[in-house]
Amino acid sequence: EVQLLESGGGLVQPGGSLRLSCAASGFNFRTYAMSWVRQAPGKGLEWVSGIIGSGGSTNLADSVKGRFTISRDNSKNTLFLQMNSLRVEDTAVYYCAKGGIGVADNFDYWGQGTLVTVSS
Amino acid sequence: IQMTQSPSSVSASVGEKVIITCRASLDVSTWLGWYQQKPGKAPKLLIYSASSLQSGVPSRFSGSGSGTHFTLAISSLQPEDSAVYYCQQANGFPLTFGGGTKVEVK
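Sequence order for the protein chains is A and B.
Going by my numbering, the letters in the first sequence line up with residues -5 to 114, in that order.
Going by my numbering, the letters in the second sequence line up with residues 3 to 108, in that order.
One or more hints might be untrue.
Claimed, not checked - Residues of chain B clear of chain A, computed beta-carbon distances all greater than 12 angstroms:
hint, residue
1, Gln7
2, Ala14
3, Ile21
4, Ser27
5, Pro60
6, Ser61
7, Ser64
8, Thr73
9, Pro81
10, Glu82
11, Val105
Stated by the list, open to error - Partial pick of chain A residues on the chain B-facing surface, computed with a CB cut under 8 angstroms:
hint, residue
12, Glu(-5)
13, Asn53
14, Asp102
15, Gly107
Read the hints as simulated data drawn from the structure, not as lab findings.
Bear in mind the structure is a predicted one, so any value in this text is a computation, not a measurement.
Even glycine gets a Cβ: it sits at the ideal position worked out from N, Cα and C.
When you get a sec, could you build the whole thing from the sequences and use the hints?
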């Protein structure tokens, strides 16, 4: 059974940093691209960042470029999102999502999400 | 690539057919998926590659289209289909979602 379990969310002041983690199980983690998708309160879905299976290529939404970094540790089946210079508008539930074998794909499994609140 | 969904909301009775439209600002071929999201839950993939039914999804859900125009159809609406539905293009980065369509079951 595929499972994705996010952690690391919480309350942080504007300008602060957080590191999200996503522990994956039930599939060959290193084979699949992974992404972070967020959802602000009462709003729609926004793709944030993606990384291919090997970790050799990453992509970021313009809204987080220069502030967020995605990475993965295939030896520990874990995906990360380092978030720096956080802004109030980064407040959202952050989901970890499993992609396909290709670089870009739809997401067939999602975690339960972790809430990030940026507020003073 | 911008994804535009219509309508933004729809209300229909049990057993009725519901159609949701998604338009892409550029050609995305068939790199299009549909998701269902219920309150407080993560999205669930219903359709991938524009028309392929994800495993375990009821056959009353179907997808069609290619290029810039796509549709999601629910052939016989059930009470448990009350949710928000999103389309998502996977043709290129940044990956983008439509704004969502709220489906209410009367």
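A quick look at each hint next to the structure:
Listed as a non-interface residue, Gln7/B fails to keep its Cβ farther than 12 angstroms from every Cβ of chain A; the least gap is roughly 9 angstroms. Every beta carbon of chain A lies more than 12 angstroms from that of Ala14/B, the smallest distance being close to 21 angstroms; the non-interface claim holds. The beta carbon of Ile21/B is kept farther than 12 angstroms from every beta carbon of chain A, the shortest such distance being approximately 20 angstroms. Distance to chain A confirms Ser27/B as a non-interface residue, since its nearest Cβ pair spans about 16 angstroms, more than 12 angstroms.
Look at Pro60/B: its CB is around 16 angstroms from the nearest CB on chain A, clear of 12 angstroms, so calling it non-interface holds up. Distance to chain A confirms Ser61/B as a non-interface residue, since its nearest Cβ pair spans about 18 angstroms, more than 12 angstroms. With a least beta-carbon separation of about 16 angstroms from chain A, Ser64/B lies farther than 12 angstroms from that chain, consistent with its non-interface assignment. Its beta-carbon lying about 16 angstroms from the closest one in chain A, Thr73/B satisfies the requirement of being farther than 12 angstroms from that chain.
Chain A leaves Pro81/B outside its interface by the beta-carbon criterion, the shortest separation being 23 angstroms against a cut-off of 12 angstroms. Distance check for Glu82/B against chain A: the nearest CB is about 19 angstroms away, which clears 12 angstroms, and the non-interface claim stands. The Cβ of Val105/B lies farther than 12 angstroms from every Cβ of chain A, with a closest approach of about 15 angstroms, so its non-interface assignment holds. Of the supplied interface hints, the one on Glu(-5)/A is violated, with its beta-carbon coming no nearer than about 12 angstroms to a beta-carbon of chain B, more than 8 angstroms.
A hinted interface residue such as Asn53/A counts as satisfied when its beta carbon comes closer than 8 angstroms to some beta carbon of chain B; here the least separation is about 4 angstroms, so the hint holds. Given hint, Asp102/A at the interface with chain B, holds; its Cβ is 5 angstroms from that chain's nearest Cβ, closer than 8 angstroms. At a threshold of 8 angstroms, the smallest CB-CB gap from Gly107/A to chain B is about 6 angstroms, leaving the interface hint in force.
Of the hints listed earlier, those the structure fails to meet are numbers 1, 12, in rising order.
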